[in-house]
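*Asks:* Line by line, the protein sequences are chains S and D.
Heads up: the first sequence at position 120 corresponds to 120 in this note's numbering, and the numbers run straight through without jumps.
Heads up: the second sequence at position 138 corresponds to 138 in this note's numbering, and the numbers run straight through without jumps.
Calculated directly from the structure, the hints in this document are not laboratory data.
Some hints here could point you the wrong way.
Just the calculated beta-carbon pair ranges, DEER-fashion [as the list claims (entries may be wrong)]: (1) D/P29 - S/R76: 16 to 22 Å; (2) S/E49 - D/L67: 35 to 41 Å; (3) D/I53 - S/A73: 23 to 29 Å.
The beta-carbon is built from N, C-alpha and C at its ideal position, and this holds for glycine as well.
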Amino acid sequence: MKPAGLHESMHGELERIHVASFGWALWCCGHRREEAEEVLQSAYLKVLEGSARFGGESTLKTWFFAVIRRTAAERRRRRWVRERLLERWFTDAPERAAEPDPERAAAASQASRTLLEALGDLSARQREVLHLVFYQEMTIEEAARVLGISLGTARTHFERGKSQLRRRYTLGQERRP
Amino acid sequence: MIRDGKDASDEDLRALFSQLRREEEQYAPPFVAVQRVRRKDVRWGLVRTGSAIGAAVCVSAIVAALLWPRPRPAPERSPGVPVASITQWRPATDFLLDTPGRKLLESAPSLGLKPYLTPVVGPLMPRGPRRAGDRAGSRTNALP
Numbered sequence: 001m002k003p004a005g006l007h008e009s010m011h012g013e014l015e016r017i018h019v020a021s022f023g024w025a026l027w028c029c030g031h032r033r034e035e036a037e038e039v040l041q042s043a044y045l046k047v048l049e050g051s052a053r054f055g056g057e058s059t060l061k062t063w064f065f066a067v068i069r070r071t072a073a074e075r076r077r078r079r080w081v082r083e084r085l086l087e088r089w090f091t092d093a094p095e096r097a098a099e100p101d102p103e104r105a106a107a108a109s110q111a112s113r114t115l116l117e118a119l120g121d122l123s124a125r126q127r128e129v130l131h132l133v134f135y136q137e138m139t140i141e142e143a144a145r146v147l148g149i150s151l152g153t154a155r156t157h158f159e160r161g162k163s164q165l166r167r168r169y170t171l172g173q174e175r176r177p
Numbered sequence: 001m002i003r004d005g006k007d008a009s010d011e012d013l014r015a016l017f018s019q020l021r022r023e024e025e026q027y028a029p030p031f032v033a034v035q036r037v038r039r040k041d042v043r044w045g046l047v048r049t050g051s052a053i054g055a056a057v058c059v060s061a062i063v064a065a066l067l068w069p070r071p072r073p074a075p076e077r078s079p080g081v082p083v084a085s086i087t088q089w090r091p092a093t094d095f096l097l098d099t100p101g102r103k104l105l106e107s108a109p110s111l112g113l114k115p116y117l118t119p120v121v122g123p124l125m126p127r128g129p130r131r132a133g134d135r136a137g138s139r140t141n142a143l144p
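Just need the whole structure built from these sequences, with the hints factored in.
*Replies:* Laid out in structure tokens, this is it:
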């Protein structure tokens, strides 16, 4: 199915990076699968509607990852407003963000679980830089473009995040039986 | 094996992240399915948004119609009743100015006029035969 209005080559490119995009959306949504799917859908819709336009300043992957990240942030903000302002007045039990998928967490290998726990202790920015560089195999410069920060800042987050991740991962491994 | 950050290489981290990626990629939904769901969501979202906006407009219109200040019609005058002129109009609190002192002032006699010296228009004494000493034509009602 090729959506109308979307350039054929861009459609093919988006399809090619779809799995990686889902992985990035998953990380932007704290490994909540349903939320990640919705964020990815919203990001595709932005491209379909033309509210997000690829200007060609970077690679399509870098640009689309930035769109996904922005969409996830918007969704977080909307949920925050709903929880704090609206549902507090109208309902007693506001809708909370779903927990990370327990089935998927159980299926993950022990090394992956330890890695996720260690990453959970890092700052969001460090986590994002490490994910983009190691998981998505981007350069630090591309990661900086996705996150909208300078190359120097991205490099600082990368180095600090790496050393902290190693410490946390080693500690996590020692704690496990 | 990852040890302290100083002696470990990035390849170890890359290997860990690659393993995680392989595991997570198995759960990625197909590209087509994501877009199909999205289109349904868009249609339903448009209907829902349109309904919400329509309902809000209706409620606003009703509230505005109820609360809008209407101009009061001018009081109708019956054709037979004459309208008082502004020169004849007297305020409703005018009686407060009617003090006892005011009446007293209005009733005070005016100075400079002697009522007993005022000329009498008609003859006060009956006409009789003239006596000597009477000045002819004198009709002054003078006191002795």
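*Asks:* Confirm or reject each hint.
*Replies:* Here is how each hint holds up against the structure:
1. D/P29 - S/R76: 16 to 22 Å: Given a distance of about 21 Å, which is inside 16 to 22 Å, the answer is holds.
2. S/E49 - D/L67: 35 to 41 Å: holds (39 Å)
3. D/I53 - S/A73: 23 to 29 Å: holds (26 Å)
This entry satisfies every hint, going by the numbered hints stated previously.
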